[in-house]
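**Student:** One letter stands for each residue in the lines below.
2 protein chains.
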Amino acid sequence: MSDFVKSIFRNAVGSPIRELKKYSEIPGMISLAGGYPAPELMDAQGVQQVVGNLSTKQLTSAMQYGGTEGSKEFRATLATISQERELNCHPDEILVLSGSQQGIDLVARVILEPGDVVFVEAPTYPAALSAFRLAGATIHQLPSDKDGMIVSSLDEEMRRLKPKLLYLVPTFGNPSGRTLPLERRTLALQAAVRNNCVILEDDPYSELWFSVKAPPPIYSLRHSVPNAQNHCIYISSLSKTLAPALRLGWMLAPPTLLRAAVLAKQSDDMHASTLNQAIAATYIDNGTFADNLPRLRKFYKTGAEALCQSLHTHMGSRVEFDEPGGGMFVWARVDGIDTSQWLKRAIAAKAMFVPGVAFFASPDDTSWFRLSFASLDPDGIDQGIKRLSTVLDTVEA
Amino acid sequence: MSDFVKSIFRNAVGSPIRELKKYSEIPGMISLAGGYPAPELMDAQGVQQVVGNLSTKQLTSAMQYGGTEGSKEFRATLATISQERELNCHPDEILVLSGSQQGIDLVARVILEPGDVVFVEAPTYPAALSAFRLAGATIHQLPSDKDGMIVSSLDEEMRRLKPKLLYLVPTFGNPSGRTLPLERRTLALQAAVRNNCVILEDDPYSELWFSVKAPPPIYSLRHSVPNAQNHCIYISSLSKTLAPALRLGWMLAPPTLLRAAVLAKQSDDMHASTLNQAIAATYIDNGTFADNLPRLRKFYKTGAEALCQSLHTHMGSRVEFDEPGGGMFVWARVDGIDTSQWLKRAIAAKAMFVPGVAFFASPDDTSWFRLSFASLDPDGIDQGIKRLSTVLDTVEA
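Taken in sequence, the protein lines are chains A and B.
Residue numbering for the first sequence follows the numbering used here, starting at 1 and increasing by one per position.
Residue numbering for the second sequence follows the numbering used here, starting at 1001 and increasing by one per position.
Bound conformation, chain A alone (with noise of 0.2 Å):
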């Protein structure tokens, strides 16, 4: 008898780093893997206050259904913090999403029909890959190097693939740490303009800088290139600089794309939480969220030098990585050895993180691994790396 699930879902599976997760709860535990924020980086008290400021009137209209494109003072706010981004739009041209996932779901919905080719850089973001994957789409991956992904064939490969959407987390990116630079952002904007792709800018990371900010999105050409305003689609998140739990994001998008996005979202889950989205606008309004910032960046900024110090520590010339300039990972290697097998040695001895398979559409690279900073001490993530290397040794080449 059929279970009903159709084919595309029955053969999916879940996402690697989630299904990690219940190996994180193992008491003791040091978990590099996922990319959570740290509890003490997130204004939980301040959210409380937010909340009980808020106003007889506030709270009852935060307590009713909502338009599906967001609130207007949110809109408003998120306009706000684009323009600090360089992205230059009206709060119209903002679509309120519940998480900056659910953009990429959208995209996906809106656009792409079975078959349709959609080009990731390798490594990428694979919650990415299964939204693509569950819409029917041929993925294929385009390699990088530490300056992100290669733009030299990107045109001739678009000439010849014909992708309807190349996707991108050009700043610090999920999980390589690598920030795409202006000149490489310009000619893949270029690239999808003379072949007819939309690039989709995954941005979560770029408020969490170390020294240097990071050049503007490529949303922020849309202007200066020539004809490109209906080719890119911009999505970002409070999850990394507020707290994942509201499941609030963005979407910048042009008019017909944002509209087809509305009526997905409509469809899907009406709107974001009304509730959520005065509790962001206060508190981002009321100045605390940008006060914040600078404690983040200097948590995380010290988190990746520990863990880069740790790694030449521990595991000197065996491990191969590039320090990121912000973000919330390092994405590293071991020559000859496959990390899937390593994790297994290393949750015996009580630390974990993520074998890179993951973040390939195409694995055939089985040396790398993604290592986050972003939940931990220098001390713990010390002691983290200290395990990792106890067992590297015993794992076959």
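Since the hints were derived computationally from the structure, they do not count as laboratory data.
Backbone N, C-alpha and C define an ideal beta-carbon position, used for all residues, glycine too.
Misleading hints may appear alongside valid ones.
No more than 16 Å apart at the CA atoms, straight line, and that leaves these computed lysine to aspartate or glutamate pairs for EDC-like [what the hints assert, rightly or not]: (1) A:K6 <-> B:D1116; (2) B:K1057 <-> B:E1073; (3) A:K6 <-> B:E1113; (4) B:K1146 <-> B:E1323; (5) B:K1057 <-> A:E113; (6) A:K164 <-> B:D1003.
Which stretches of chain B does chain A cover? Using the computed rule of at least three CB atoms under 8 Å from a CB of chain A, they are [to be verified]: (7) 1003-1010; (8) 1111-1123; (9) 1242-1252; (10) 1298-1309.
We have chain A already, so just place chain B on it with the hints.
**Tutor:** Frame of chain A, contents of chain B only:
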């Protein structure tokens, strides 16, 4: 040049009810259109208090990412509520939704291939029609009478058209206000089992009974009807009983379907707001939720009676309708008129309702309309119906 939006979204229209929202904001408008809970019924202060009383530990975990299935605590809470509805389920059988609308969309995504047939009752909930259309389904509507969907020819129709899904709001239906008797529930489930069809039961209103509770949900019959366990899915919502703003609902489904829905949700919005789950779990567990329900029932019962009385008083025999036993709606008709034309004149006279065509998959009768008594007191309802009746005579037959 292409606008990148695929045809099914280019041709889609927004929710007819949401499109009416802008008129409801005209000063002095009396809206009998949207099914928005009355502000005085939503316990905003209670929610505020719950947030204020969350311990630091609760609050910290309520800021973080959560599991896609929903938090352990909230699923336990929902299992208890479900128990009271004779649904008899374990917390592990529950998927927490970001509003019950998401359940419709997830089911459509994991079951329906383009061209698959979906059965709905006529009239039915427009946002369900929209979700099925966006999934590329062919929708077939079944006739109903004052007891909801007529089941006498259901088996034959299922044999003929082989639907994958039958969507029902069997209790105090939207828009009909009708309730399917137990015998029809059983017969519908038997027909689904015989014809390899799944019933998607949408139940946002069952707590809002006026004098007597409705029969138990179809999902509660899954063990008593032979082989029925894989043939029903149940979704419900806290939007009508706690607050729409929290965007919280839940789904009960057989394991393979639930697993597929979890994968789809993971790719969509990852999980429902952790903060809102903590709020709702606490609010329900501390008894405030149950304490508040009698007040809701009384308010809506009073509204329904006032509405029916006002229809009698101001429109007499021109209007036909059945008095609902619960819920938020009266489904009515005026023979020989086009209620869309009537609405235009009504808006000019500052009163609103929803024309009935929105609730049919294949509209052929323009004489129906939906009235909601959810947001108004009896005086407001009477004023509204009076205004509608005043312009009724000017509508062409």
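**Student:** Against each hint, give a clear statement of whether it holds in the structure.
**Tutor:** Status of each hint after checking the structure:
1. A:K6 <-> B:D1116: holds (11 Å)
2. B:K1057 <-> B:E1073: holds (14 Å)
3. A:K6 <-> B:E1113: holds (7 Å)
4. B:K1146 <-> B:E1323: With Cα atoms ~10 Å apart, K1146 of chain B and E1323 of chain B stay inside 16 Å; holds.
5. B:K1057 <-> A:E113: violated (45 Å)
6. A:K164 <-> B:D1003: Holds. K164 of chain A to D1003 of chain B sits at ~11 Å (cutoff 16 Å).
7. 1003-1010: holds (count 6)
8. 1111-1123: Since three or more residues must qualify, the claim that chain A covers the stretch 1111-1123 of chain B holds, with 3 doing so at under 8 Å.
9. 1242-1252: holds (count 5)
10. 1298-1309: violated (count 0)
The structure does not agree with the numbered hints 5 and 10 stated previously, though it agrees with the rest.
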